[in-house]
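Chemist: Here is how the chains run, residue by residue.
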Amino acid sequence: SKQEEPQDSFNIAVFVPGVVSGSPIYEMLAAGAQSAAAEYEHVNLNIIEGGSNQGEWEEKISSLAATGKQDVIITSNPAMPGICAAVSKKFPSQYFIVMDGYLEDNDHIYTLRYDQEQQAMLNGHLAGLVTSSEMEGANDQLTIGLIAGQEYPDMLDLIAPGFLAGAKAVDDAIELDFRAVGNWYDAAKGAELARAMISAGVDVILPIAGGANQGVVTAAHEAGIYVLWFDANGYAQQPGTVVGSTSIQQDTATYDTLVKAIEGTLPYGEAVTLGLESGFITFIEDDELYTSYVPEKVRTAQNEYLEGLK
Amino acid sequence: MSRLLHSLYLIVLFIVIIFTILLLISPEPVMAFEDFVTGPFSNIYNTGNLFAIAAILIICGTGVSISFQAGLFNLGGEAQIYSSALVGTLVGLALPEGSGFFGILVVIIISMITGAAIATISGFLRYRYHIHELISSFLLSGGLLSLTDFLISNTFRDSKSFLQTTSKLPESFYLPSILPPSNLTITILIACTVACILWFWLYKMAGGYEMRVFGLNKDFAEFGNISSRRYTILPLMINGACFGLAGALMILSTQHAAIVGFSAGYGWNGIVIALIAANNPIMTIPAAFLLAWVETGTRTAMAGSSVSLEMSEVIRGMILLMITLRFFKNRRSRS
Amino acid sequence: MSRLLHSLYLIVLFIVIIFTILLLISPEPVMAFEDFVTGPFSNIYNTGNLFAIAAILIICGTGVSISFQAGLFNLGGEAQIYSSALVGTLVGLALPEGSGFFGILVVIIISMITGAAIATISGFLRYRYHIHELISSFLLSGGLLSLTDFLISNTFRDSKSFLQTTSKLPESFYLPSILPPSNLTITILIACTVACILWFWLYKMAGGYEMRVFGLNKDFAEFGNISSRRYTILPLMINGACFGLAGALMILSTQHAAIVGFSAGYGWNGIVIALIAANNPIMTIPAAFLLAWVETGTRTAMAGSSVSLEMSEVIRGMILLMITLRFFKNRRSRS
Amino acid sequence: MKNHEGIQLQHIHKTYASNQVHACDDISLSLELGLKHIIVGENGAGKSTIMKILSGDIRPDSGKIFYRGAPVSLTHPEDALNLGIGMIHQVLHFFPELTVREHLILGMKDLKPLKKIDSESIDAHIAQICKTYNISFSPDEKVEHLDAVSRQLTALLALISRNVEVFILDEPPQEVLMIAQRLNEEGKTIIVITHNINDAISFGDEVTVLRGGTLQGSYETSTITREFLANRIMGDHDSQMLLSGGKKRLSHQSDSRDLIGNPLVILEHVSGGDLDSQDQVEDISLEVGQGETLAVVGIRDNGLKALESLVAGYKQSTYRQTSGRIRILGKRARESSYDEVGYIPSERLSTGGAVSMSVIENLIMPWRRDRALFRSSRIPIYSSKRLNKVAKDVIRDFSIKGSTQDSLLSLSGGNIQKLITARALHHEPQVLICADISWGLDIKTREALFNAIEVLKSRGMAVLFFTSEVNTAIDEADRIAILRRGRLVSIIKNTEKVTAQSIGEMML
Ligand SMILES: Nc1ncnc2c1ncn2[C@@H]1O[C@H](COP(=O)(O)OP(=O)(O)OP(=O)(O)O)[C@@H](O)[C@H]1O
Ligand SMILES: Nc1ncnc2c1ncn2[C@@H]1O[C@H](COP(=O)(O)OP(=O)(O)OP(=O)(O)O)[C@@H](O)[C@H]1O
Ligand SMILES: [Mg+2]
Ligand SMILES: [Mg+2]
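Protein chains in written order, with our numbering: chain A, 43 to 352; chain B, 6 to 340; chain C, 6 to 340; chain D, 870 to 1377.
You may find that some hints are simply not true.
The list that follows gives simulated cross-link-like pairs (lysine-lysine, DSBU-like), each with its CA atoms no further than 35 Å apart [as the list claims (entries may be wrong)]:
(1) A/Lys302 to A/Lys352
(2) D/Lys1313 to D/Lys1366
(3) D/Lys985 to D/Lys1000
(4) C/Lys209 to D/Lys1184
(5) C/Lys165 to A/Lys302
(6) A/Lys111 to C/Lys173
(7) D/Lys933 to C/Lys223
(8) D/Lys933 to D/Lys985
(9) A/Lys210 to A/Lys352
(10) D/Lys933 to D/Lys1057
(11) C/Lys209 to A/Lys210
(12) B/Lys165 to A/Lys302
(13) C/Lys209 to D/Lys1366
(14) B/Lys209 to D/Lys1366
(15) C/Lys223 to D/Lys1057
(16) B/Lys209 to D/Lys985
Derived from the structure by calculation, the hints contain no laboratory data.
So here's chain A without its partners, still in its complex pose (with noise of 0.2 Å):
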């Protein structure tokens, strides 16, 4: 079948340099690409997990663009915009997507990213108010806490000055405490980080450390304290604990995305990063979890910062 509309067809490959179950961000890429394959004949779709081993991205994206079937390669992840550009060496006539990266000036390549300083400082705006407010697990110290799965580039350069100066925008006392578990899966190295913040005076945690969040959010619920979630909505986690969500919206940038290449309208080489105004990226307020366990006073504070940013 594959011979008979060599012409009509348009394949598109997803990359998930990683897996998909489990990770909210490569979820709703495979969900975004799903629903615009969904709306049109032609398209097929391949999504292929590329595993945990870095070392094999470039050489599974590179034997992807070998095939020379694939109209377009879709991925996502800020470390995939310099492999696909050295994919696209070996195959100049391989178009690719990267979401959630940035790369300028390679015209088989078109990037997006979400400005994920804004989020981060979304993020640290409500550690702020939470931190500083009478809920009944904050205490006087007024000091935040930051769990990453590493420390890289965009986790040191935006995210942590942006949840950082979230924060301050609150009370310029407050003080940031930063730490990386070394990894994306331990969650009992999650909970032991979560654990010595807590003695140290944190009540408030953003953990962005893939399935090591889940030890951060049990320390936290044994101690009180509050969690914030990062990407996706995280209230039901724990809800009482998980007191505030941002948010992407990757699925709808998927979908987009993919239909503008599927109309041969995208404009690869471009790089665009999407703030808060695009409506990609929200904090979450219209859900029951967070209306029903962070006082009236703090959201009210909080969205005014939203419609500010905006």
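Starting from the known structure of chain A, fit chains B, C and D with the ligands onto it as the hints suggest.
Modeler: Relative to the frame of chain A, chains B, C and D with the ligands by itself:
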């Protein structure tokens, strides 16, 4: 007396080595050292966890000791724990919610059977087709780990959870706690019992005796008319059952659900324990405590932010190597 | 004639098994099967990669064969590849940018020395203190893997990269390509040369003869005045050097930088290859191609038909197990 | 019918897959219970093979086995043992690290995996058997410290304690044969493989002859003569001459050499041995001259093995020389090359070769670095042609049955012994150190071997020969040194007056 001196010397040596390593890699070596040494006992939570980790390690180490004593190499421990824990959990989930003690027993037995079955495949292949159990257990393990990952994160995934996990077992399946709020349950008692029983079997009963002889030199076993079928398959079966037990206990006492990758590393650590304990089930107890102490110690040192995660692994590796070296040298000079 | 029939039967059996597995797990089994079988040869890129993977496997397998033939067990291959690749890369980065051929040679030699040094530790401990090389290499490997992870992702990390990796080597360090755009470089030639040389040494020269005797019968070796120190240490040294070479070649031909975990699995696969090849360096060549074919085949099948990563690992494991099974059964029936 | 009460092998065929040797060709045997049966035949005749089949060690390609009238299927030695049939192989498989007691425990029938081990009653049991059969050794001795005879005794003890009814003994030493006699008196069936025709006729009730894998016939020993038996074994060759070899050959040669030639082996006040065991020697002084055979007779673990190891310089980690001086061709032990000193160790398979390696590879061990084996004297790479030529020469010269590429494992016991001997003699060494070389060789081969040694001796080779068999010493030596508890009692000239009895008395 000289024995005592020697032990003292060893302890001092350890301390110096650990401290030197920390000095090299930690920004705050004194604090890190303090965290490392006293951390595991600084609060009930840590101490309880140390015991909980040790319990699982004892069981894994004892199991591996058995197959090592039979001269068999089981490299498939990782999957034997993980897959059998999943199977046990699924059976537990299928049982009525208030199954309590009976439910716990069923989960344990099912997990043990699963673990034993997986390991037995390798034993059978070795006996029947002379395929080295080292290859078959390793390859089988690779496949099963992925399969289990797949099953947890797709087929049996709890759609309400953000984690890649099955649903949680009902509370009636939780093992009774010792030292709350730590993870310690009666696992430590079970573990010591298992180690003692297997020790007794190994050194005081005919089957264990035959198995050890078989392990010393398989080619010559014919002389004693030792059944090579029995002692190729049985040790792996016991080993697998131990891993299954370890998996079930981790589920029943700590995790309460099969989470992706939750048992990673225990299969390998079982080998390490067995090696340190020179394949003596009773000796796995101190060996496991040592490892658990190093484990919790590096964790608390890390949580105190004085050491990074990988570095803590390095320290762990170094300490293990030192222990093994000293231990073996010591043992050798005695014999 | 019956030999031929038997081979045919084996091939048919393979096909049936692979197909059955695919039928069970793939939404489009026919296509997946086609991809699996022909995928590795469907384009230059895949074929090149198959050769590139096989090259590394040949080197690892040959190295392990040598220590196996001497009756020594090196379980530390993972670290011997990984750590020595890192050391090689760092030295390469320290050299002037346009070092070219000379730079490549230095990187290779340094990596080989590093790998050999690591393995030699175990040989020395075995000879001097009677600590089993299996224990020491395994434990040492655990520590070194973590240390290498740490060094790559902290001390020597390329702060501009999003990956956990060192900086890339300059282009003058890249090995000459064969079959661009694939990853295949002259590694395959190096690999076959190494296998042939070591085969030659093993079966046609006095040193190899002595080593084999030592591996088979220590008493006979002593009878013939064969140095037990030399043949406890040398084989591990060669084995380690091979792993170091494999690490260096992966860096110089494919990765161009030491990325965290890039070589994971090759140490174990070396053992698998050696066992399949019955420790004969020449036979590691077909064994490595078989393994590489399965590897590339599952990759292309996965890329073509949306089989999940875990499932593809399961297929891979199964197929390898089958191959090993048939292979050994076959070999056994011949003897 | 008496036969139905015994053991019957019917139309047994066995072809070894690896080399297509047809080791048993339609062999049918009927062995009556309660008798002493002897199996004889040349090296490679298939004796061990047929008995391994009866003991369940290997499976026949076709044929039936009946025991006490019922057909039996023997797939594992355990099957045979459960029927009461047990075999002692000449080269025994042991766990070197275990003690005698532990070996015996292994053999116990009523051992159940969950049964506790009661070592006291086991000791009592061992003591009782030892007393009954007049065997002496301590159950705590590690098997690796036992000599070949004691190992055989251990194996026999294990069979006795398993209540075996049919004992198959593959070339047992005299000590074992003596116990077998007692066992037979108790009604047990004994099957003995031997090359010793005197033993065969004096010990056995019935003798079965095999040749080239086929059955030559079974005879009651009371009805046949040595000459007849030798003839059946070897065919129509001049078996007469061979039977009368030994001392006769010696006596006419040694007349011409009264003087001992230039001493090539010199031991001066040598002490040492395995310091952890009885196997030690003290203050040994002796000389072996050109063209002379000196036999050292003694009990193996009372210093014989130690002396052998010290002189050969073998196992230096176990056998230490504490004082004295050893000079062979003016050099220390082990310092000479293969064409100066040849060594045939007493532990044939364990130290004499690597069983899974080929005949060639086993042969070239001593001269593996010899340029003559390389493609050219510059490049140290073996030339297959040259290797093959050497191997073929040796195989031909010593009429070894087997081909160069076969593994050592696929040779018969006697042929392995030939190969190891051939290796030591091939380069015509000036000194030969050897232990029990005739062990396991058939009459013809043994004769050929000693003739070959005579030839070398006439060219000046000195032979130092260690043996525990007094008769061999008397047959083959020019002088005999008698070792007792690690000390030399005396060194005597081997004249007509010397008898086994007189030497035996000095050894005790
Ligand atoms: N495992 C084996 N594989 C292949 N061939 C074998 C094997 N064992 C014995 N043979 C061959 O079978 C023949 C008979 O061997 P067997 O051991 O039965 O001889 P034997 O009568 O015991 O001789 P000997 O007196 O030398 O021990 C020999 O030619 C030998 O080479
Ligand atoms: N330790 C061993 N390991 C492997 N094979 C062995 C071993 N000992 C003996 N064999 C093999 O078993 C066969 C018979 O050996 P065994 O010594 O029992 O023969 P035999 O006929 O009793 O010898 P001989 O005729 O020299 O007395 C031989 O082919 C030999 O290669
Ligand atoms: Mg506060
Ligand atoms: Mg024989």
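Chemist: For each hint, tell me whether it holds in the structure or not.
Modeler: Taking the hints in turn, this is what the structure says about them:
1. For the hint pairing A/Lys302 with A/Lys352, the CA-to-CA distance comes to about 26 Å; that is within 35 Å, so the pair holds.
2. Of the supplied pair hints, the one linking D/Lys1313 and D/Lys1366 holds, its CA atoms being roughly 27 Å apart against a limit of 35 Å.
3. Straight-line distance between C-alpha atoms of D/Lys985 and D/Lys1000 comes to about 26 Å, which keeps the hinted pair within the 35 Å bound.
4. A threshold of 35 Å between alpha carbons decides the hint, and for C/Lys209 with D/Lys1184 the separation of about 28 Å falls inside it, so the pair holds.
5. About 31 Å separates the Cα atoms of C/Lys165 and A/Lys302, which keeps this hinted pair within 35 Å; it holds.
6. Our distance criterion of 35 Å between C-alpha atoms is met by A/Lys111 and C/Lys173, whose separation comes to about 30 Å.
7. Between D/Lys933 and C/Lys223, the direct Cα distance comes to roughly 41 Å. Violation of the 35 Å bound is thereby established for this hinted pair.
8. Restraint check: the Cα-Cα separation between D/Lys933 and D/Lys985 comes to about 39 Å, which exceeds 35 Å; the hinted pair is violated.
9. Only pairs whose Cα atoms come within 35 Å are accepted, and A/Lys210 paired with A/Lys352 is accepted, the gap being roughly 18 Å.
10. For the suggested pair D/Lys933 and D/Lys1057, the alpha carbons sit about 23 Å apart, so the restraint of at most 35 Å is met.
11. Between C/Lys209 and A/Lys210 the alpha-carbon distance is near 76 Å, which puts this suggested pair outside the 35 Å criterion.
12. A hinted pair counts as satisfied when its Cα atoms are at most 35 Å apart, and B/Lys165 with A/Lys302 qualifies at roughly 33 Å.
13. Note on C/Lys209 and D/Lys1366: the hinted pairing is violated, with a Cα-Cα distance of about 55 Å set against a maximum of 35 Å.
14. Between the alpha carbons of B/Lys209 and D/Lys1366 the distance comes to roughly 59 Å, so the proposed pair goes past 35 Å and is violated.
15. A hinted pair counts as satisfied when its Cα atoms are at most 35 Å apart, and C/Lys223 with D/Lys1057 does not qualify at roughly 40 Å.
16. Taking the CA atoms of B/Lys209 and D/Lys985, the gap is near 6 Å; set against the 35 Å cutoff, the hint holds.
Violation of the numbered hints given earlier is confined to hints 7, 8, 11, 13, 14, 15; the remaining hints are satisfied by the structure.
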